[in-house]
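Participant: Listed here are the chains, written in short residue letters.
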Amino acid sequence: MIGMVVEEVGTVIDLLHTYLIHIFSQYPFLKPLLIGFVGACVITGILFVAGMFVVWLERKFSADMQTRFGPNRVGGRYGQLQLLADAIKLFTKEDLVPETADIWLFTGAPIIAILSALMMAAGMPFGYVEVFGKQYLMAITNMDIGVLYVEAMAAISVFGIFMAGWGSASKYAVIGAFRSIAKMIGYEVPLAITVVSAAVMVGSLNFVDIVNFQTSLSFLGLEHVPAWLLILQPLGFFVFGVSLLADMGSKPFDQPEAEEELVAGWGVDYSGMRWALIYFSEYFHLILGACLFVLLFLGGWTLPFDMPANLTLPVFFGKVLLVILAVLVVRWSLPRYRIDQVQRLGWKILLPLSLVNLAWASAIGVML
Amino acid sequence: MMPMDEIKDSEMIVHLGPQHPILAGPFMLDLRLEGETVKEAEFTLGYGHKGVEKILEDRMYISCIPVTDRICYLASLSNNEVFCNCIEKLLDVEVPERAQYIRVILMELSRIQSHLIGLGEFAEFIGFMSMFMFLVREREDILTLLEMITGARLTHSFVRPGGVRLDLPENFKEKALKILPDFEKRVREDQETLESDEIYIERTEGVGVVPTSLAKEVGVAGPVLRASGVNYDIRRVEPTLVYKDLDFKVITATAGDTFARAHCRFEEIYESIYIIQQCLDQIPSGEVRAKLPKTLKPEGEVYCRVEDPRGEMAFYMIADGSPKPYRVRIRGPAYATLQALPPVLEGVYVADVPAIIGSMDGCTSEVDR
Numbered sequence: 000m001i002g003m004v005v006e007e008v009g010t011v012i013d014l015l016h017t018y019l020i021h022i023f024s025q026y027p028f029l030k031p032l033l034i035g036f037v038g039a040c041v042i043t044g045i046l047f048v049a050g051m052f053v054v055w056l057e058r059k060f061s062a063d064m065q066t067r068f069g070p071n072r073v074g075g076r077y078g079q080l081q082l083l084a085d086a087i088k089l090f091t092k093e094d095l096v097p098e099t100a101d102i103w104l105f106t107g108a109p110i111i112a113i114l115s116a117l118m119m120a121a122g123m124p125f126g127y128v129e130v131f132g133k134q135y136l137m138a139i140t141n142m143d144i145g146v147l148y149v150e151a152m153a154a155i156s157v158f159g160i161f162m163a164g165w166g167s168a169s170k171y172a173v174i175g176a177f178r179s180i181a182k183m184i185g186y187e188v189p190l191a192i193t194v195v196s197a198a199v200m201v202g203s204l205n206f207v208d209i210v211n212f213q214t215s216l217s218f219l220g221l222e223h224v225p226a227w228l229l230i231l232q233p234l235g236f237f238v239f240g241v242s243l244l245a246d247m248g249s250k251p252f253d254q255p256e257a258e259e260e261l262v263a264g265w266g267v268d269y270s271g272m273r274w275a276l277i278y279f280s281e282y283f284h285l286i287l288g289a290c291l292f293v294l295l296f297l298g299g300w301t302l303p304f305d306m307p308a309n310l311t312l313p314v315f316f317g318k319v320l321l322v323i324l325a326v327l328v329v330r331w332s333l334p335r336y337r338i339d340q341v342q343r344l345g346w347k348i349l350l351p352l353s354l355v356n357l358a359w360a361s362a363i364g365v366m367l
Numbered sequence: 000m001m002p003m004d005e006i007k008d009s010e011m012i013v014h015l016g017p018q019h020p021i022l023a024g025p026f027m028l029d030l031r032l033e034g035e036t037v038k039e040a041e042f043t044l045g046y047g048h049k050g051v052e053k054i055l056e057d058r059m060y061i062s063c064i065p066v067t068d069r070i071c072y073l074a075s076l077s078n079n080e081v082f083c084n085c086i087e088k089l090l091d092v093e094v095p096e097r098a099q100y101i102r103v104i105l106m107e108l109s110r111i112q113s114h115l116i117g118l119g120e121f122a123e124f125i126g127f128m129s130m131f132m133f134l135v136r137e138r139e140d141i142l143t144l145l146e147m148i149t150g151a152r153l154t155h156s157f158v159r160p161g162g163v164r165l166d167l168p169e170n171f172k173e174k175a176l177k178i179l180p181d182f183e184k185r186v187r188e189d190q191e192t193l194e195s196d197e198i199y200i201e202r203t204e205g206v207g208v209v210p211t212s213l214a215k216e217v218g219v220a221g222p223v224l225r226a227s228g229v230n231y232d233i234r235r236v237e238p239t240l241v242y243k244d245l246d247f248k249v250i251t252a253t254a255g256d257t258f259a260r261a262h263c264r265f266e267e268i269y270e271s272i273y274i275i276q277q278c279l280d281q282i283p284s285g286e287v288r289a290k291l292p293k294t295l296k297p298e299g300e301v302y303c304r305v306e307d308p309r310g311e312m313a314f315y316m317i318a319d320g321s322p323k324p325y326r327v328r329i330r331g332p333a334y335a336t337l338q339a340l341p342p343v344l345e346g347v348y349v350a351d352v353p354a355i356i357g358s359m360d361g362c363t364s365e366v367d368r
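Chains as they are written, first to last, in numbering that gives the first Met the number 0: chain A, 0 to 367; chain B, 0 to 368.
Note that these hints are calculated values from the structure, not bench results.
It is possible that some hints are incorrect.
[Said to hold, decoys possible] Below, a sample of chain B positions facing chain A; criterion: calculated Cβ distance under 10 Å:
| # | residue |
| --- | --- |
| 1 | I12 |
| 2 | P17 |
| 3 | G50 |
| 4 | V51 |
| 5 | E52 |
| 6 | I54 |
| 7 | G126 |
| 8 | L142 |
| 9 | L176 |
| 10 | I178 |
| 11 | P180 |
| 12 | D189 |
| 13 | R202 |
| 14 | D246 |
| 15 | Y269 |
| 16 | I272 |
[Unchecked claim] Far from chain A, some chain B residues (derived; all Cβ distances over 10 Å):
| # | residue |
| --- | --- |
| 17 | G34 |
| 18 | Y46 |
| 19 | R187 |
| 20 | A350 |
Predicted, not measured: the structure shown is a model, and the values here were computed from it.
Cβ atoms here follow ideal geometry from the backbone N, Cα and C, with glycine treated the same way.
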């Protein structure tokens, strides 16, 4: 009707808002579900972007180390968009499943691999954000058993690798899968013991407690000494660092996918999108492993003096970036161990050292 | 082929090849594995057969030279050399002394660049990708020198019966004497980086030992033979060209493992640099090519050998007085060296297989010809 007067004009957003309030008042259990869903989308999105950045960083960085150029065409001089182009290529490739493959294991493996990384991210805090005078912890959840949870989720990825290797029904893949299990048994025990010693010293399994513990301490009249576990547990730092390299599948420990003898190891039959998922899950492990390292040993988002809450995120990610660069240096400047040498390293060197560190951590923890 | 019905439940057969990332050329290596241990190895050659010997029978002598390049592109100059050597012996031609020196320089340069690629691939096979890049970067200098002389970076086709194609370029001596010490310094740096690496030492020491007896039995050649403690170098045993006037050590090692083989290659690079420097000091002026008829028609039978980067490269030529060779038989070093693989591979870990193959520096192209 022409000339009809409408009292108030609302947008679609208003409609959605009204509708959601209505729904939530009727079905209260939907609210946490929706929040969880949005949170999951955000963390996934951030991780994918960060993963692409780290892949680009590694390609440029390794190229610099080896006097090559690295990506230098797509998206400008530094090949900034190379990874986007690669992702588009991978996601539009034919979805190939080998005839002899076990379809459930083969298709399930990338999902488990990526899920393990994403679940890890869900348990980690990254710092604080202050909005309108109120501080928010940047984390999906802040669990009291956060350290244990993240460790457990990290360990699950080995199932993904084994499923991929076994399900591919290829000899190279099966050998790679066996290697990844053997390697995992070698490094996971010292890794867990070191994490436990960190928790023992702090007296909590909560990440926020562990980070707050590391803020600073006064020592021999010196103020603002960083109480990082790197300083309090140098042995634990070493053991954790080496085990974490193994956990990430970084260079001296990348036996499961040794290109030279096993072509591509457990991932030999994967291509296209599935391969991209596995590939990304490896880089997620690199990023999240670095996050875990910073949280446990490098004082998380704190510096040994007071600073505004909004600085915590940049400080945290700056530290993570440094750890990632250190991992890349190691990755591109060392040859690969043989699998039996990894076992020997894990059981004969790292495990005794981690036990010594546990005793040390208990003693110091009591004194502090 | 391995009999499939004799395979136990705990074992499996894994094929390395014919298409596999570690193989520059195709050959098949079947490994019977129990867990990670190799129980038995068997290898099959012939996937890259080019029929070089037959092609040579159908060409004029001078047009055979580019074909000999293709036997192994890393050793093309020594292949040229041994082929031209055969013709010179049959025609009884004296090569001008300047040409002899140039040929020695060329052979040593090609030995250096071949060793660098071999070492780089070997480092890559144990997972040290960066070292491959470093050594290939150093190789660039040597290729620059080769390019100055021959105009090509690979497949040079530069040696001619009775001499070489062209004289050295004008400023070659200055340039070479400037580049080589710097090059040697950087290669020594790379060697130290590699050989001081704990993981590298753990991966290579005592791995893939070729005992002296086995090396002699199967006729292993070149640095692989010398790393097993046999002092045998064609440059010493049967010197061609001006090698008898030059001072150089024959590098040997006693261990016979992959570490020793890589070490011998590194040391040989320095010896080659020393030889080139001596040649540049001693080289006389004069002609670089003897006068020969336009169409070569040698007659008779001859067997010639030189020290290839990989060992003893020998040609047996029958010429019947026509402008084409009647028959050329090529006896390459890599084929004999690879014969040591199956016995050596027994009982090693599968991760060491690429390391051992890499340290043998086998060239499949040359093996199959």
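Participant: So, for every hint listed, does it hold in this structure?
Facilitator: A quick look at each hint next to the structure:
1. Residue-level restraint check for B/I12 holds (minimum Cβ-Cβ distance to chain A is 8 Å; threshold 10 Å).
2. Evaluation of the B/P17 hint against chain A yields a violated restraint, the C-beta minimum of about 13 Å exceeding 10 Å.
3. Given the 10 Å rule on beta carbons, the hint for B/G50 is violated: about 30 Å separates it from the nearest Cβ of chain A.
4. The restraint placing B/V51 at the interface with chain A is violated, with a minimum CB-CB distance near 29 Å, outside the 10 Å limit.
5. The beta carbon of B/E52 comes no nearer than 33 Å to any beta carbon in chain A, farther than 10 Å, and the hint placing it at the interface is violated.
6. A hinted interface residue such as B/I54 counts as satisfied when its beta carbon comes closer than 10 Å to some beta carbon of chain A; here the least separation is about 34 Å, so the hint is violated.
7. Checking B/G126 against chain A: minimum C-beta separation of about 3 Å stays under 10 Å; hint holds.
8. A hinted interface residue such as B/L142 counts as satisfied when its beta carbon comes closer than 10 Å to some beta carbon of chain A; here the least separation is about 15 Å, so the hint is violated.
9. With its C-beta approaching chain A no nearer than about 25 Å, B/L176 sits outside the 10 Å limit, and its interface hint is violated.
10. With 10 Å as the threshold, the beta carbon of B/I178 stays out of range of chain A, its nearest partner Cβ sitting at about 17 Å, so the hint is violated.
11. The criterion of a C-beta within 10 Å of any C-beta in chain A is not met by B/P180, whose closest approach is roughly 21 Å, and the hint is violated.
12. With a cut of 10 Å, the hint placing B/D189 at the interface with chain A is violated, because the nearest CB-to-CB distance is about 12 Å.
13. Against a cut-off of 10 Å between C-beta atoms, the interface hint on B/R202 holds, since the closest Cβ of chain A lies about 6 Å away.
14. Contact between B/D246 and chain A, as hinted, is not supported at the beta carbon level, the nearest pair being about 35 Å apart and thus beyond 10 Å.
15. Annotation: B/Y269 was flagged as interfacial toward chain A, and the flag is violated, the nearest CB pair being 23 Å apart, outside 10 Å.
16. Hint status for B/I272: violated, given a least beta-carbon distance of 22 Å to chain A, over 10 Å.
17. Listed as a non-interface residue, B/G34 fails to keep its Cβ farther than 10 Å from every Cβ of chain A; the least gap is roughly 8 Å.
18. Every CB of chain A is more than 10 Å from the CB of B/Y46 (nearest about 17 Å), matching its label as outside the interface.
19. Listed as outside the interface, B/R187 is consistent with that label: its C-beta sits roughly 18 Å from the nearest C-beta of chain A, beyond the 10 Å cut-off.
20. For B/A350, the condition that its CB be more than 10 Å from all CB atoms of chain A is violated, with the nearest at approximately 5 Å.
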